[in-house]
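J.: Next come the chains, spelled out residue by residue.
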Amino acid sequence: MHGFGIILQRDLRIALRRKGDVLNVLVFFVVVASLFPLGVGPEPNQLRAMAAGVVWIAALLAAVLSLPRLFAADYADGTLEQMLVAPQSLLMVVLAKSAAHWLLTGLPLALVAPLIGLQYDLPIETLGVLLASLLIGTPVLSLLGAACAALTLGVRGGGALLGLLVLPLYVPALVFGAGAVGATLIGINPSAHLSLLGAFLAVSSLVGPWAACAALRVALD
Amino acid sequence: MLETRELACERGGRRLFSALNIALDAGGLLRVRGANGSGKTTLMRCLAGLTRPDAGAVRWRGSDIGSLGDAYRRDLLFLGHSPAVKDDLTVLENLEFSCRLSGAEIAVEQIRHALEQLGIAKLADLPAGYLSQGQRRRTALARLALPRPARLWLLDEPLAALDDEAIGRVSSLCAAHLAAGGSLVLTSHQEIAVAAPGAQSIELGS
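Protein sequence lines, in the order shown, are assigned to chains A and B. Under this note's numbering, the residues of the first sequence are numbered 1 to 221, in order. Under this note's numbering, the residues of the second sequence are numbered 1001 to 1206, in order.
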């Protein structure tokens, strides 16, 4: 546990000194989500029906935008190498970096999402479900994203490859997350969708960090 | 202390070294020499447990380093080509982080003292992004001046980008480490003036 705190604290400190990186992702999310009404026209029923899907897809794209930075800087300047030769469990290193990534991207996105929901004229009672679905779902984006970011480390054109690799893995989160809001809109209790999303989070938190550790060891061999 | 048995490594289909046997005792110094591309860095990474050798084993105090895991890494200080210095953190924060990562809780005064020994005490509160290449290297090397250092130092080209004054400081830190019973494996194109009884040297690529 010791290593977890050290690395989390350091990643947050670095992010505070580079606020631009964090803000870029958040602004990207808001811009993408705001472009849809301009493209498809201001028909309220249509917008309400597509709101959750749009917010979720914008969140996935924002996550993909932020993922290449997860390990790349530490890899380039030798810090990752030092983490491997330090008496710390690599699993804790990966978990700490995933947690920092979530705190800096997933959490802000989830908190801003209800405002976007308002823009799409979502009823007040569905905004809470949207927030809940993103709070459960965005950690999945960081955990599975860490594995894919580690796999594409040091690969030329890794950014584009990372997107191709990680977006299909996000499909269950998208389906259950957007589905929860959709269900609420037609008066169905969203708890089934949210439970399935929670189950997917549990699976991701087992598979993602483990795969990321294996990939990091290969990348630094 | 540090031993290799019949170590062999291949990179990109080219055999870098094979049947390499090293035995290094407490207080022992091993210089690894060789031309560019002869496998010095690969050997260092094998010894650090980063690269898996194609054949053979690396042992520390009689046990395989793979099975020792964290017990080996607690005794190890590895400095590779990249100084692992973060531009956004100050020199002091960088050193503090690498100390804590290696499992040592070291007071700020001791860190400042270590920076002083490397001649960069004045830069302690400056973000590392403003440092020159040599100053970055000094920041990484300041770990050598901390109290309770690791038993085994693996230094890959520690003198690259350093001026004569810094080379002198690093040499005396290495000498003190050896005198205190530590072991040191070193690759360097420059001569490092460390007088050690029983210093060994191997030439790769010959």
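It should be emphasised that the hints constitute simulated quantities derived from the structure, not laboratory data. Treat each hint with caution, since some may be false.
DMTMM-like cross-link-like pairs, simulated, lysine to aspartate or glutamate; straight-line CA separation at most 20 Å [what the hints assert, rightly or not]:
#1 19(A) x 1088(B)
#2 1122(B) x 1157(B)
#3 19(A) x 1093(B)
#4 19(A) x 1087(B)
#5 1122(B) x 1163(B)
#6 1122(B) x 1096(B)
#7 1122(B) x 1165(B)
#8 1122(B) x 1087(B)
#9 1122(B) x 1075(B)
Here are the simulated distance ranges between beta carbons [unchecked claim]:
#10 1081(B) x 89(A): 45 to 53 Å
#11 31(A) x 1071(B): 47 to 55 Å
#12 5(A) x 1109(B): 39 to 47 Å
#13 1071(B) x 168(A): 35 to 43 Å
These stretches of chain B come out as covered by chain A in the derived footprint (C-beta under 8 Å, 3 or more residues) [claimed, not checked]:
#14 1011–1021
#15 1072–1082
#16 1097–1109
Cβ coordinates follow ideal geometry from the N, Cα and C atoms, glycine included.
J.: Next step is simple, just say for each hint if it's right about the structure.
T.: How the hints compare with the structure:
1. The hinted pair formed by residue 19(A) and residue 1088(B) meets the criterion: a straight-line CA distance of about 11 Å does not exceed 20 Å.
2. This hinted pair does not check out: residue 1122(B) and residue 1157(B) have alpha carbons roughly 25 Å apart, beyond 20 Å.
3. Of the supplied pair hints, the one linking residue 19(A) and residue 1093(B) holds, its CA atoms being roughly 19 Å apart against a limit of 20 Å.
4. Taking the CA atoms of residue 19(A) and residue 1087(B), the gap is about 14 Å. The hint holds against a cut of 20 Å.
5. A distance of roughly 17 Å separates the Cα atoms of residue 1122(B) and residue 1163(B); the hinted pair therefore holds under the 20 Å criterion.
6. Restraint check for residue 1122(B) and residue 1096(B): satisfied, since their Cα atoms lie roughly 16 Å apart, inside the 20 Å limit.
7. Using a Cα cut-off of 20 Å, the hinted pair residue 1122(B) and residue 1165(B) holds, with the two alpha carbons roughly 16 Å apart.
8. A hinted pair counts as satisfied when its Cα atoms are at most 20 Å apart, and residue 1122(B) with residue 1087(B) qualifies at roughly 17 Å.
9. Between the alpha carbons of residue 1122(B) and residue 1075(B) the distance comes to roughly 30 Å, so the proposed pair goes past 20 Å and is violated.
10. The hinted window of 45 to 53 Å between residue 1081(B) and residue 89(A) is violated, with their beta carbons roughly 25 Å apart.
11. At about 51 Å, the CB distance of residue 31(A) to residue 1071(B) agrees with the hint of 47 to 55 Å.
12. Distance hint for residue 5(A) and residue 1109(B): a CB-CB separation of about 23 Å, inconsistent with the stated range 39 to 47 Å.
13. A C-beta distance of roughly 41 Å is found between residue 1071(B) and residue 168(A), which places it inside the suggested range of 35 to 43 Å.
14. By the rule of at least three residues with a Cβ nearer than 8 Å to a Cβ of chain A, the coverage given for the stretch 1011–1021 of chain B is violated, with 0 such residues.
15. With 7 residues having a beta carbon nearer than 8 Å to a beta carbon of chain A, the stretch 1072–1082 of chain B meets the requirement of three or more and the stated coverage holds.
16. Coverage of the stretch 1097–1109 of chain B by chain A holds [criterion: at least 3 residues with CB-CB distance below 8 Å; count 6].
Of the numbered hints given earlier, the model fails hints 2, 9, 10, 12 and 14; all others are met.
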